[in-house]
Amino acid sequence: MEFQAVLLAGGSGTRLYPLTEGVPKSLLPVANRPLIAYQLLLLEKAGFKDVLVATSKNAKSELENYMSQAHKGSINVDIHVVDEELETADVLRAIKDKIKKDFLLISGDLITDANLHHLADVHRINDATLTVLLRAPKVENKTPGAPAAKPSKTEGGIVDYVALDEKRTRLLFLESAADVEEKLCLPRVTLCKHPNVFITNKMLDAHLYIFSRWILDLLDERPKITSVKTELVPYLLRHQFSRKPYPGQPVQPIDDVENAFDVSVAGGNGLVDSEGGAAATTTGIRCHALVYHGGYCSRADSLASYREMNFEVPRHQGHNVPWSPEPSFPDKAEDDKKALFKKVGSDCVVAEGFAIGDKSSVKKSVVGKHCSVGANVKIVNCIIHSHVKIQDNCTLTGCIISKEAYVDKDCALTNCQVGLKFVVEEETEAKNENLVEDD
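If you read the sequence shown in my numbering, its first letter stands for residue 1, the second for the next number, and so on.
Treat the hints as calculated values from the structure; they're not laboratory data. For clarity, every value in this text was computed on a predicted model and none was experimentally measured. Some hints could be false.
[Said to hold, decoys possible] Dumping the calculated DSBU-like pairs for lysine-lysine here, alpha-carbon to alpha-carbon at most 35 Å: (1) Lys389 / Lys343; (2) Lys338 / Lys389; (3) Lys363 / Lys45; (4) Lys359 / Lys378.
Just need the whole structure built from these sequences, with the hints factored in.
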């Protein structure tokens with residue numbers, strides 16, 4: 001394989017609180033599959049045989065258990081522990097010795113069916129230092145039964161300001177809108193090279209990159225760069241038309257005087273030999289992008305996006321999609337399935353070991369393994385993780401219920417998040433709340 005795959009699965013998932021209390025973000029279920037399964041399926045479909053996974057000490061054992069007991073793919077997963085407090089660029093420094101060549105870096109909260117071969121082609125053809133996958137933002141919330149909503153900074157819909165050349169392939173600027181104050185400034189040298197610039201805030205950084213391996217040497221020389229998204233990528237974009245060489249940058253020999261002159265005229269980074277002639281040149285920093293149109297591409301970077309994923313992913317199927325659909329009631333006989341579908345909508349995804357009482361209904365929801373629902377219960381637009389018990393006469397709307405939670409009888413919950421193993425007491429009424437144990 002031309003590239004090495006690196007997966008960042010060490011994030012604490014603070015934006016997904018309280019769902020990540022006691023559960024590694026990479027193992028949070030989306031449509032009854034852990035998040036990391038989607039990245040592994042994507043890499044395997046692209047032909048990767050191995051992936052280097054960077055994770056925290058607390059998550060390591062649970063990830064290893066998942067790989068050994070539940071993951072069915074053939075890709076070899078090499079797990080390395082890094083400090084949980086490290087930012088993403090710091091993580092790359094920590095595992096630098098494990099990365100031997102140009103590498104594909106993928107975020108542990110991304111689900112996409114983008115063709116990685118197309119991204120690699122853009123990187124290869126342009127001899128790029130960095131190639132970024134860009135996706136269109138979600139303007140409307142298409143969750144069944146949910147109102148339309150525009151993305152907001154509080155819900156993880158933060159857009160990026162993106163500048164591309166007129167061919168829409170050379171990346172000239174990429175920063176989060178939250179980091180741009182009053183003015184968007186492009187370096188003068190960038191505008192001299194590309195006077196016709198396409199600028200938009202309708203694209204988002206998918207946090208899937210291909211980097212040249214020498215970037216790791218650059219990080220060693222620039223210790224103040226700690227984040228890939230907010231510091232490394234902007235640094236490369238600001239310096240991609242600079243004439244000076246950078247640490248680790250590959251050097252190409254110049255065969256003759258004519259070629260040396262061509263490099264000088266073109267603004268190349270000429271290196272002078274002992275006799276005063278141009279002996280070699282660096283290739284310069286080149287940043288490119290693949291704008292992904294159609295298909296599926298989303299990140300679980302907020303509760304809102306996590307909720308949407310659970311409803312969207314099961315509906316997104318096709319020949320090029322890396323994941324296969326998860327059938328409801330996989331452990332039930334056909335007659336039992338027919339009986340259950342009288343109470344459970346066809347738009348639901350329900351895992352094995354499910355039980356439901358009389359006069360109860362489940363609509364537009366995702367239900368994990370070994371969950372039980374009592375009598376006279378109404379569940380709509382909910383995500384229920386595994387081993388949850390819901391007692392009689394409850395109404396749940398738009399809720400996310402964490403693993404092993406218990407909802408006692410006569411409760412009415414709307415748009416609530418229930419934490420791991422939390423007990424919701426009898427006759428509780430709550431709306432827009434996080435129900436968790438007190439510290």
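We went through each hint and held it up to the structure:
no.	hint	in the structure
1	Lys389 / Lys343	holds, 17 Å
2	Lys338 / Lys389	holds, 23 Å
3	Lys363 / Lys45	holds, 33 Å
4	Lys359 / Lys378	holds, 9 Å
The earlier numbered hints are all upheld by this structure, with none contradicted.
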